[in-house]
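The opening position of the sequence shown corresponds to residue 13 in this note's numbering, with each subsequent residue numbered one higher.
Rather than coming from a laboratory, the hints here were simulated on the basis of the structure.
On a predicted model such as this, the values are computed, not experimentally measured, just so you know.
Each hint should be verified, as a subset may be incorrect.
As the list claims (entries may be wrong) - In silico EDC-like links for lysine to aspartate or glutamate, alpha-carbon gap of 16 angstroms or less:
(1) 144 <-> 65
(2) 98 <-> 118
(3) 144 <-> 58
(4) 107 <-> 129
(5) 80 <-> 104
(6) 144 <-> 122
(7) 43 <-> 86
(8) 77 <-> 21
(9) 54 <-> 24
(10) 98 <-> 88
(11) 103 <-> 86
(12) 77 <-> 64
(13) 19 <-> 129
(14) 113 <-> 129
(15) 144 <-> 64
(16) 103 <-> 122
(17) 19 <-> 86
(18) 144 <-> 128
(19) 103 <-> 93
(20) 82 <-> 65
(21) 107 <-> 88
(22) 69 <-> 21
(23) 43 <-> 65
(24) 82 <-> 110
(25) 19 <-> 64
(26) 69 <-> 58
(27) 113 <-> 76
(28) 107 <-> 122
(29) 82 <-> 93
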Amino acid sequence: MANFVGKWELAESINFQEYMVAIGVEEEKRKIASQVLGVGSKMTHEFSVNGDEWTLKIWTQNGEKEIKFKLGQEFDSATLDGRPVKVMFNKDGDKLIETQKGATFESINERTVSGDELTMLMTGGGVTCTRKYRRV
13 MANFVGKWEL
23 AESINFQEYM
33 VAIGVEEEKR
43 KIASQVLGVG
53 SKMTHEFSVN
63 GDEWTLKIWT
73 QNGEKEIKFK
83 LGQEFDSATL
93 DGRPVKVMFN
103 KDGDKLIETQ
113 KGATFESINE
123 RTVSGDELTM
133 LMTGGGVTCT
143 RKYRRV
């Protein structure tokens, strides 16, 4: 899983609007998300690992969010639009699987790395969004 460690900048996003609708993001927040989480926004993810504790830092135009987690341990968090969720990360072969469960939705976020590209498939409400990041 060491191939996830590093900094990744969003380079491509497919079906993001449809995904946000499917998981119940309000229209006004979808407009904001398109600007601060879209391609060209310089949205960045950074993974680091210390022993069995992972850290995921997310930078957007609206600020920074840091998540610390251990594989297989559920924790409380919030979506980037502020809704409370239960989150768990697991690995499945070379995939890092994040499950988010909110009051009205569930999203499975599957990340894989191939060379200098991280691909994230986000599936919720029957819709899948593909987001590709480049190592920086």
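Now the hints, each set against the structure:
1. Using a Cα cut-off of 16 angstroms, the hinted pair residue 144 and residue 65 is violated, with the two alpha carbons roughly 24 angstroms apart.
2. With a C-alpha separation of about 9 angstroms, the suggested pair residue 98 and residue 118 falls inside the 16 angstroms cut-off, and the hint holds.
3. With a C-alpha separation of about 14 angstroms, the suggested pairing of residue 144 with residue 58 holds against the 16 angstroms cut-off.
4. A threshold of 16 angstroms between alpha carbons decides the hint, and for residue 107 with residue 129 the separation of about 13 angstroms falls inside it, so the pair holds.
5. With a CA separation close to 19 angstroms, the supplied pair residue 80 and residue 104 exceeds the 16 angstroms bound.
6. The suggested pairing of residue 144 with residue 122 holds, with an alpha-carbon distance near 12 angstroms, which does not exceed 16 angstroms.
7. For the proposed pair residue 43 and residue 86, the alpha carbon gap of about 30 angstroms is over 16 angstroms, so the pair is violated.
8. Our distance criterion of 16 angstroms between C-alpha atoms is met by residue 77 and residue 21, whose separation comes to about 15 angstroms.
9. A C-alpha spacing of about 11 angstroms is found between residue 54 and residue 24, which places the hinted pair at or below 16 angstroms, so the restraint holds.
10. Of the pairs offered as hints, the one joining residue 98 and residue 88 holds, with about 5 angstroms between alpha carbons and a cut-off of 16 angstroms not exceeded.
11. For the hint linking residue 103 to residue 86, the alpha-carbon distance of about 14 angstroms falls within 16 angstroms, and the restraint holds.
12. For a cut-off of 16 angstroms, the pair hint linking residue 77 to residue 64 is broken: about 20 angstroms separates their Cα positions.
13. Restraint check for residue 19 and residue 129: satisfied, since their Cα atoms lie roughly 11 angstroms apart, inside the 16 angstroms limit.
14. Pair hint residue 113 plus residue 129 does not hold up; C-alpha atoms about 27 angstroms apart against a cutoff of 16 angstroms.
15. For the hint pairing residue 144 with residue 64, the CA-to-CA distance comes to about 26 angstroms; that exceeds 16 angstroms, so the pair is violated.
16. Restraint check for residue 103 and residue 122: satisfied, since their Cα atoms lie roughly 9 angstroms apart, inside the 16 angstroms limit.
17. Among the hinted pairs, residue 19 with residue 86 is inconsistent with the structure: their alpha-carbon atoms are about 24 angstroms apart, more than 16 angstroms.
18. Proximity of residue 144 to residue 128 is assessed by CA-CA distance (about 10 angstroms); at most 16 angstroms being required, the pair is judged to hold.
19. In summary, the hint linking residue 103 to residue 93 is not supported, as the alpha carbons are separated by about 26 angstroms, beyond the 16 angstroms threshold.
20. At most 16 angstroms may separate the alpha-carbon atoms for a hinted pair to count; residue 82 and residue 65 meet this at roughly 5 angstroms.
21. Straight-line distance between C-alpha atoms of residue 107 and residue 88 comes to about 22 angstroms, which puts the hinted pair past the 16 angstroms bound.
22. Distance restraint check for residue 69 and residue 21: the Cα-Cα separation of roughly 12 angstroms lies within the 16 angstroms cut-off, and the hinted pair is therefore satisfied.
23. Taking the CA atoms of residue 43 and residue 65, the gap is about 34 angstroms. The hint is violated against a cut of 16 angstroms.
24. Annotation: proposed proximity of residue 82 to residue 110 holds, straight-line Cα distance about 11 angstroms (limit 16 angstroms).
25. Annotation: proposed proximity of residue 19 to residue 64 is violated, straight-line Cα distance about 19 angstroms (limit 16 angstroms).
26. Note on residue 69 and residue 58: the hinted pairing holds, with a Cα-Cα distance of about 5 angstroms set against a maximum of 16 angstroms.
27. Of the supplied pair hints, the one linking residue 113 and residue 76 is violated, its CA atoms being roughly 22 angstroms apart against a limit of 16 angstroms.
28. Simply put, residue 107 and residue 122 have alpha-carbon atoms about 7 angstroms apart, close enough for the 16 angstroms limit, and the pair holds.
29. The straight-line distance between the Cα atoms of residue 82 and residue 93 is roughly 23 angstroms, outside the 16 angstroms bound, and the hint therefore fails.
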